[in-house]
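Residue numbers (my numbering), protein chains in the order written: chain A, 1 to 260; chain B, 1001 to 1298.
Just so you know, these hints were derived from the structure itself, not from any lab. Quick caveat, the model's predicted, so the values are computed rather than measured. Ideal Cβ placement from N, Cα and C applies to all residues, glycine included. Hints may be right or wrong, so weigh each one.
Which stretches of chain B does chain A cover? Using the computed rule of at least three CB atoms under 8 Å from a CB of chain A, they are [what the hints assert, rightly or not]:
1. 1175-1184
2. 1196-1205
Label-pair distances were calculated between CB atoms; the ranges are [claimed, not checked]:
3. Val1276(B) to Asp152(A): 34 to 42 Å
4. Gly1024(B) to Ser151(A): 45 to 53 Å
5. Val1276(B) to His147(A): 45 to 53 Å
6. Val1276(B) to Asp130(A): 45 to 53 Å
7. Gln1118(B) to Lys104(A): 37 to 45 Å
In silico negatives: residues of chain B with every beta carbon more than 10 Å from chain A [as the list claims (entries may be wrong)]:
8. Gly1011
9. Gln1118
10. Leu1288
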Amino acid sequence: MATSHSIDTGARPPALEARKVSVHYGTTQAVREISLRIPANQVVALIGPSGCGKSTLLRCFNRMNDLVSDARVSGEVLFHGQNLYEPEIDPVEVRRRIGMVFQKPNPFPKSIYDNTAFGPRINGFKGDMDALVEESLRRAALWDEVHDRLSDSAYNLSGGQQQRLCIARTLAVRPEIVLMDEPASALDPIATQKIEELIFELKKEYTIVIVTHNMHQAARISDYTAFLYMGELVEFGPTDKIFTNPSEEQTEAYVTGRFG
Amino acid sequence: MSVPESALLLGQNTARDRRRQWKGHLFWVFSLAATSVGIITLMVLLVDVMIDGLGRLDADFLNSYASRFADRAGIRAPLFGTAWILGLTAAISFPLSVGAAIYLEEYAPQNWITRIIQVNIANLAGVPSIVYGILGLAVFVRGMGLGRSVLSGALTLSILILPVIIMASQEAIRAVPDSIRQAAYGLGATRWQVTQRQVLPMALPGILTGTILALSRAVGETAPLIMIGALSFIAFTPQGLTDQFTVLPLQIYNWISRPGADFHEIAASAILVLLVLLLTMNAIAIILRNRCSRMRVG
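Please take these sequences and the hints and turn them into a complete structure.
Structure follows, in structure tokens:
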């Protein structure tokens, strides 16, 4: 049932397309033949109960699963018509084009400036680093709070600020797509709100795929929502349809809080 | 439902409560005694060595070569020998051990070969040092024809402390949170960039602590150096890698084994010098470790 979820993404080609993606950890299958098209410059939320495979699917989109020693990925993920899992594709390059923000803020034990500049530096950025750092921090809505203490340790920032720094750090590499793995789950409501406002701003320039276990958050910030259950894609469609008029009974049960 | 009023009052110790407190007190006394044994022994030892050794400890003693006469003998040769051995051993063992630790933690696949290597390293750390002396004699002194040189000694001691530094470095590398690696990979870093720019800087204090502690073990070693034929009566300092040498523990061993109280006194003086060296190294290790734990807290 989960093989054809092609939705209308307008005239533009999708930013990412998963085709029959499966992931095995050892002998257990975490993701089962999921196909879905991520429309460009939209926010796509992946929702579902714990262990449904939403984070695992997200990590397929920039080959982070390569780092898990017993994970095997099959199927295709198309990015500009190229399969990310072709042997000649370098995962390092994939992760540069498709950035990731993690569940817990994980700044490096360095200054705010060096955190932001790390990605450009390792990728051989030759331009004006100060300008790039400022631009990235502004885009992450952090500049006004930190512009006068860029050399302070990132560990001195609050949790919400740290997470926005992690977003700035990701943006500094100038990715096309930003993957977010429950970026606000470790934050308080006010910090969460800031991250959500930020995501709304960011979709003008980036395609965003966000995993969240918070259904209200998915409803607030996303344009499209995919509901996963037990490793399968149950339903994928415009967010308002998923939350108000889902086609599948399981989806309805989940979004109305009957389980999960 | 009603609770008797007396049960609500504090200060109503039963016999069982008192017994528990008494047991707790007994354990406190036992712990204190156990700690005291170590500290008192160390103190007695130090005071004893100081009484014997402080009298001869002066610039002359540090600057003179070995002599048949105790009042003219000094530790210039073993002091320089120890410095040579320390420097060379560090230069050989540090890159090898850190390289091995990086490989095992960041690169090696998790399979049975890696596990066998791991178990072997742990076992090597427990091999008696004299065995490394035999190995050094067979491989470096005779096999490679390096003779009883500083280089042979440093190579032998390097092999001796390799497993210790490898394990300490692995622990330090493992203590770097995985979220840091993920963050770096997520920004398009290669494995080497992740290791070099994030993991190693964070692990370095731990690695250095392990290295210094291992080196201080090497500096105190006697048996493997006797085995490879280091001398204890040398009237020159090493000028190059192939020169003969002696080290402080060997000189001490030699003086102690002679009859005559005067030689025992200068042995005590040499022990003091060795102790100062070792305690300094350990202090540096502790400072590094504290700095490292402060960094973690952030």
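Evaluation of the provided hints:
Coverage of the segment 1175-1184 of chain B by chain A holds [criterion: at least 3 residues with CB-CB distance below 8 Å; count 7]. Coverage of the segment 1196-1205 of chain B by chain A holds. Counting CB-CB distances below 8 Å, 3 residues qualify, and the rule asks for three or more. Distance hint for Val1276(B) and Asp152(A): a CB-CB separation of about 40 Å, consistent with the stated range 34 to 42 Å. The given range of 45 to 53 Å is respected by Gly1024(B) and Ser151(A), whose C-beta atoms sit roughly 51 Å from each other.
Between Val1276(B) and His147(A), the C-beta spacing of about 51 Å keeps the proposed range 45 to 53 Å intact. Checked against the hint of 45 to 53 Å, the C-beta distance between Val1276(B) and Asp130(A) comes to roughly 49 Å, which is consistent with it. The given range of 37 to 45 Å is broken by Gln1118(B) and Lys104(A), whose C-beta atoms sit roughly 30 Å from each other. With a least beta-carbon separation of about 44 Å from chain A, Gly1011(B) lies farther than 10 Å from that chain, consistent with its non-interface assignment.
At the 10 Å boundary, the C-beta of Gln1118(B) stays outside the reach of chain A, the nearest C-beta of that chain being 16 Å off. Every CB of chain A lies more than 10 Å from the CB of Leu1288(B), the least distance being 16 Å, so the non-interface label holds.
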